[in-house]
Amino acid sequence: MAALRLQGLKTRNLAPLDLTLAAGDLVLLSGPSGSGKSLLLRALADLDPHEGEAWLDGTACSALPAPAWRRRVALLPAESFWWYDRVGDHFDRVPPNGTGAGLGGGTPADAVGPATQALLLRLGFTSEVLDWTVSRLSTGERQRLALARLLALQPQVLLLDEATANLDPPNRDRVEDLIQDYRRDQGAAVLWVSHDPDQRRRLALPAPGLPGARRLEIQGDRLVAEPEEPAA
Amino acid sequence: MELIVLSPFDLALAASLVLLLALLSWRLHLGVEKRVLVAALRSAIQLSLIGLVLNFLFAQTSLALTGLWALVMLGVAGWEVVARQKHRYRGAWGFGIGTLSMFISSFSVIILALILIIGVEPWYQPQYLIPLLGMLLGNTMSGIAITLDNLSRQAWEGRGGIEARLLLGQSWECAIRDIRRDSIRAGLIPIINSMAAAGLVSLPGMMTGQILAGSPPMEAAKYQMMILFLISAGTGLGSAAAVWIGSRRLFDQRQRLRLDRLTGPER
Numbered sequence: 007m008a009a010l011r012l013q014g015l016k017t018r019n020l021a022p023l024d025l026t027l028a029a030g031d032l033v034l035l036s037g038p039s040g041s042g043k044s045l046l047l048r049a050l051a052d053l054d055p056h057e058g059e060a061w062l063d064g065t066a067c068s069a070l071p072a073p074a075w076r077r078r079v080a081l082l083p084a085e086s087f088w089w090y091d092r093v094g095d096h097f098d099r100v101p102p103n104g105t106g107a108g109l110g111g112g113t114p115a116d117a118v119g120p121a122t123q124a125l126l127l128r129l130g131f132t133s134e135v136l137d138w139t140v141s142r143l144s145t146g147e148r149q150r151l152a153l154a155r156l157l158a159l160q161p162q163v164l165l166l167d168e169a170t171a172n173l174d175p176p177n178r179d180r181v182e183d184l185i186q187d188y189r190r191d192q193g194a195a196v197l198w199v200s201h202d203p204d205q206r207r208r209l210a211l212p213a214p215g216l217p218g219a220r221r222l223e224i225q226g227d228r229l230v231a232e233p234e235e236p237a238a
Numbered sequence: 192m193e194l195i196v197l198s199p200f201d202l203a204l205a206a207s208l209v210l211l212l213a214l215l216s217w218r219l220h221l222g223v224e225k226r227v228l229v230a231a232l233r234s235a236i237q238l239s240l241i242g243l244v245l246n247f248l249f250a251q252t253s254l255a256l257t258g259l260w261a262l263v264m265l266g267v268a269g270w271e272v273v274a275r276q277k278h279r280y281r282g283a284w285g286f287g288i289g290t291l292s293m294f295i296s297s298f299s300v301i302i303l304a305l306i307l308i309i310g311v312e313p314w315y316q317p318q319y320l321i322p323l324l325g326m327l328l329g330n331t332m333s334g335i336a337i338t339l340d341n342l343s344r345q346a347w348e349g350r351g352g353i354e355a356r357l358l359l360g361q362s363w364e365c366a367i368r369d370i371r372r373d374s375i376r377a378g379l380i381p382i383i384n385s386m387a388a389a390g391l392v393s394l395p396g397m398m399t400g401q402i403l404a405g406s407p408p409m410e411a412a413k414y415q416m417m418i419l420f421l422i423s424a425g426t427g428l429g430s431a432a433a434v435w436i437g438s439r440r441l442f443d444q445r446q447r448l449r450l451d452r453l454t455g456p457e458r
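Each protein sequence line maps, in turn, to chains C and S.
Those letters in the first sequence? Residues 7 to 238, per our numbering, in order.
Those letters in the second sequence? Residues 192 to 458, per our numbering, in order.
Everything labelled a hint here was simulated from the structure, so no lab data went into it.
Just so it is clear, the structure is predicted and the values come from calculations on it, not from any experiment.
Some hints could be false.
Stated by the list, open to error - Covered stretches of chain C (chain S as the covering partner; in silico rule of three or more C-beta atoms under 8 Å from a C-beta of chain S): (1) 49–62; (2) 83–91; (3) 153–163.
Every residue gets a Cβ at the ideal spot worked out from N, C-alpha and C, and that includes glycine.
Excised from the complex, chain C in its bound form (with noise of 0.2 Å):
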């Protein structure tokens, strides 16, 4: 449970932000590219030098080391990067010092543990994924294996980036209903930069458990509320 509070956050595109999530809130963010959602993403993650602050909960992004922030807010990138040959030297579990002894190592598919194991399942992949080379992934696939890769990680804010822009409707509906869970049962922040308007509307909706959506837009340097369109 982790609510996270952004203040005068300012990144290259735009003004500086005041924005709150609450523990379980769903923002949904859209806007011309170019209009700076992802340079927001990654100063959020820590990623890129920034003013302002965001704050988890009672913690400053700024008093914790960075590994640590980005355990805990976790940004998932619009493009997935793997840089070992098989998917799941990907997936050792990184200790918590943060100096990742072990990684590369040869590990059998059943080493990642039942809730990693569980994540691939809903995603649609069985624990051999794990054996694969990355090479032979799809677009789409490397996109629904970077989530998991991530969920693993126990993150207490989402910061997802286009997380379904390659995934045919089965699989994204597969991403959605994962992501909506993972609010539930973690009652994680989730701030999601999403292009598709049918995504918005599905996810402003109220679900069983769940507040529906903020939707938000970027209008020139600053963040408002998404008009509300006509009822197809």
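Fit chain S to the supplied structure of chain C, relying on the hints for placement.
Frame of chain C, contents of chain S only:
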């Protein structure tokens, strides 16, 4: 065996071969005659000046003067490292990282060699220090240039992968670890190769020089071995230092990858 002194006539004879080469280039329209002549002239002037400087230095045995000349050599090698980078570090770092690494490795190795191995008295006797340092610097310079070029280029091209690792909560050292390892390895390969091929393919320059100057070949071989060992130690140490400082500089206090600290790919 006595050292046979080259007379100006001997040198002129050798130089006439270069003239012949230039003539050949002109006749065959190779278009390099001017460059051949300029390069030959440059080497003649540079080597004569170095001969004069060393003559002067060897006559003094002064720590201050020898040290000053060693720093000049270090500075030139530092610029050479910068010139070989595709992505350079901005500001003083570009010159500083390579130069500092060479300073740490070459100077410590050479002082060790002069005092403990060769036992020169005094240790800064320029007749030993300057040529040995020249060979060490020349080789560590290549190694460090290759290492740093690999590091910055791979970081530039592998930005997505490095940032993906940072986003999964890895420390900067973990995120750059494979690139570091690769870079040091690349920097060490030339000296490993030249150790493996020493003597079989070509006689190394130092050994050739000593044999021409009248040393027994076995003595020359022993010196050559020592030099190869010193060079490999110096190159390894220098590459490790360069990778450590260089990779640290690629990340800031918040462990963000800061490619804006490198110059772009142009040039």
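Could you work out which earlier hints the structure fails to respect and list their numbers in ascending sequence? none
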